[in-house]
Each structure stands twice: as C-alpha cells, then as structure tokens.
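**Student:** Sequence:
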Amino acid sequence: MAFYFAQINVARAKYPLDDPRMSDFIENIPGINALAEESPGFVWRWVEEEDNRTVEVFGDKALVVNMSLWKSRDDLIHFTYKTGHSDIYKRRKEWFSNLETSHLVCWYTQNVEIELEEAKSRMYHLECKGETPYAFTFKSEYSEKEVLEYLAANPSLL
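In this text, residue positions in the sequence shown follow full-length UniProt numbering: the first is 1, and each later residue adds one.
No lab work stands behind these hints, which were simulated from the structure alone. Wrong hints could be hidden among the right ones.
Calculated pairs, DSS-like style, for lysine-lysine (alpha carbon to alpha carbon, straight line, at most 25 Å) [claimed, not checked]: (1) K145 with K129; (2) K90 with K14; (3) K139 with K120; (4) K129 with K14; (5) K71 with K139; (6) K93 with K82; (7) K71 with K120; (8) K129 with K139; (9) K120 with K145; (10) K82 with K61; (11) K71 with K93; (12) K82 with K139; (13) K120 with K14.
Build out the structure end to end from the sequences listed, making use of the hints.
**Tutor:** The structure is reproduced here in structure tokens:
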C-alpha cells in the first residue's frame, strides 16, 4: 500500500481576520489553495463546510489551520518553497506571531484524507515526545520503512 505525506500547519494571527492588516493574506488564500491543488503530488486538502480560516480548532479563534496530503515529502517541500506559495510564506511574520509549540507536524499515512482529531493527536505526540517516525517536522526525513517499524514497536499508536 502506498503512503501519503500528511501535514497540519497552524498559525496564530496577529490581528482579527477581518482586520485590514490581514487583508493581503486573506485575499491570497484562494489563489494559494488553487496553486496547491494544481501542484504535482497534491492529493487532498482540508476544506470544512465553513471557511476553515475561522473554524475554532484548538480553542483559539486566532489560529489559522491548514491540512493537506501529498504523494511525497519532496512534493510538499517543492510547493512550499519553490512556487508562488513561497512569496506568501516569506511574509508570514507580517500576519502571524510565533507559537510556543510546534506550528507544523508531518507524518505518513495510508488514508486519502486526514481527520482533524488524528492531526491534533500527531501534534500532541510531537510536543510530548519530540520528533519520531509517528510525528515530525521538515527537519526529519523518515522513510516509510522507519514508520512501519516504529508503529510495530508502538502498537498503541495504531
């Protein structure tokens, strides 16, 4: 079975989303989402019935959440740093403040969609245990084999 590369990215807005200081970011969201969907390796992204920019996920209305699945880590890294997304990414400090916890967690999955509860569990795991094959950041390059071995050794994570 094939694995997909999953990610959840969380950012805390410096201002309310309807504040004029956030307008350039907000206005770019549809184009960035379209760019992602057209990018090589894109599989899926989280879209709530409501606008997911305003869905309260972690008990904080200022958090903006993005979740997506890619065919590979390299596909996501290419989209993040080598497309028009990088122009917005470089400006993130204009709109978002630093979080005390990790803002990004990645993992491999065989599912074709990510459940929000699973993503939250992976973020919690990363926060408590650090980077493992179960939950990691771009800094780590775990293989699918390492993921399977880690899950076999830690069946409670299944």
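**Student:** Given the proposed pairing of K129 with K14, does the C-alpha separation stay at or below 25 Å?
**Tutor:** Violated: K129 and K14 sit about 29 Å apart, past 25 Å.
**Student:** Are the Cα atoms of K82 and K61 separated by 25 Å or less?
**Tutor:** violated, 30 Å
**Student:** Tell me if the straight-line CA distance from K120 to K14 falls inside 25 Å.
**Tutor:** Measuring from Cα to Cα gives roughly 22 Å; hence the hint holds.
**Student:** With the threshold set at 25 Å, check whether the alpha-carbon distance from K120 to K145 stays at or below it.
**Tutor:** Roughly 23 Å between the alpha carbons, so the hint for K120 and K145 holds.
**Student:** Do the alpha carbons of K90 and K14 lie within 25 Å of each other, as the hint requires?
**Tutor:** Answer holds: K90 to K14 is near 16 Å, not above 25 Å.
**Student:** With the threshold set at 25 Å, check whether the alpha-carbon distance from K139 to K120 stays at or below it.
**Tutor:** This hinted pair holds, its Cα atoms lying about 20 Å apart.
**Student:** Verify the proposed pairing of K145 with K129, using a straight-line Cα cut of 25 Å.
**Tutor:** Holds, because 20 Å separates the two Cα atoms, which is no more than 25 Å.
**Student:** Does the alpha-carbon distance linking K71 and K139 stay inside the 25 Å limit?
**Tutor:** With Cα atoms ~18 Å apart, K71 and K139 stay inside 25 Å; holds.
**Student:** Given the proposed pairing of K82 with K139, does the C-alpha separation stay at or below 25 Å?
**Tutor:** holds, 17 Å
**Student:** Holds or violated: K71 and K93, Cα atoms, limit 25 Å.
**Tutor:** violated, 29 Å
**Student:** Would the pair K71 and K120 pass a check requiring their Cα atoms to be no farther apart than 25 Å?
**Tutor:** holds, 21 Å
**Student:** Could you grab the alpha-carbon distance between K129 and K139 and see if it respects the 25 Å cut-off?
**Tutor:** Holds. K129 to K139 sits at ~15 Å (cutoff 25 Å).
Hint compliance for this structure: hints 4, 10 and 11 are broken, all remaining hints hold.
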